[in-house]
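Chemist: Sequence:
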Amino acid sequence: MKSEIHPKVVPCKIVYQGQVVMETLSTRPEIHVEVWSGVHPFWTGQQRFIDAEGRVEKFNRRFGSASYRKSK
9 MKSEIHPKVV
19 PCKIVYQGQV
29 VMETLSTRPE
39 IHVEVWSGVH
49 PFWTGQQRFI
59 DAEGRVEKFN
69 RRFGSASYRK
79 SK
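The working numbering puts the first residue of the sequence shown at 9, with every later residue one more than the last.
No lab work stands behind these hints, which were simulated from the structure alone.
These figures come from a predicted structure and were not determined experimentally.
We treat Cβ as the ideally placed atom computed from N, Cα and C, and that holds for glycine.
One or more hints might be untrue.
As the list claims (entries may be wrong) - In silico EDC-like pairs for lysine to aspartate or glutamate, Cα to Cα no more than 20 Å straight-line:
| # | residue 1 | residue 2 |
| --- | --- | --- |
| 1 | 21 | 38 |
| 2 | 21 | 42 |
| 3 | 21 | 31 |
| 4 | 16 | 31 |
| 5 | 16 | 38 |
To be verified - Pairwise CB distance ranges, derived in the manner of DEER restraints:
| # | residue 1 | residue 2 | range |
| --- | --- | --- | --- |
| 6 | 68 | 14 | 49 to 59 Å |
| 7 | 32 | 12 | 30 to 40 Å |
| 8 | 68 | 28 | 35 to 45 Å |
| 9 | 12 | 69 | 58 to 68 Å |
| 10 | 70 | 31 | 45 to 55 Å |
| 11 | 71 | 18 | 15 to 25 Å |
| 12 | 15 | 67 | 19 to 29 Å |
| 13 | 19 | 42 | 14 to 24 Å |
| 14 | 13 | 68 | 20 to 30 Å |
All chains, full assembly: derive it from the sequences and hints.
Modeler: Have a look at this one:
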């Protein structure tokens with residue numbers, strides 16, 4: 009292998025909500041994540057409901073009452 013063409017690898021801390029959840033090697037010393045396997049619904053079996061900017065209300069206003077009337 010050629011020398012000096014590869015990036016320098018340093019110990020890296022993976023940070024989730026201000027807490028270090030994992031340590032590994034990377035080219036960056038610290039990585040902040042929003043989701044990791046310890047809180048992901050697939051791995052924990054728990055489902056979290058997140059309403060991003062009123063999407064549920066918008067959907068219910070557009071389609072909620074119309075689909076209910078059709079089923080009767």
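Chemist: Indicate, hint by hint, whether the structure satisfies it.
Modeler: Status of each hint after checking the structure:
| no. | hint | in the structure |
| --- | --- | --- |
| 1 | 21 / 38 | 5 Å, holds |
| 2 | 21 / 42 | 14 Å, holds |
| 3 | 21 / 31 | 5 Å, holds |
| 4 | 16 / 31 | 17 Å, holds |
| 5 | 16 / 38 | 14 Å, holds |
| 6 | 68 / 14: 49 to 59 Å | 53 Å, holds |
| 7 | 32 / 12: 30 to 40 Å | 24 Å, violated |
| 8 | 68 / 28: 35 to 45 Å | 40 Å, holds |
| 9 | 12 / 69: 58 to 68 Å | 60 Å, holds |
| 10 | 70 / 31: 45 to 55 Å | 47 Å, holds |
| 11 | 71 / 18: 15 to 25 Å | 51 Å, violated |
| 12 | 15 / 67: 19 to 29 Å | 45 Å, violated |
| 13 | 19 / 42: 14 to 24 Å | 22 Å, holds |
| 14 | 13 / 68: 20 to 30 Å | 56 Å, violated |
In this structure, the earlier hints numbered 7, 11, 12, 14 are contradicted, and the remaining ones agree with it.
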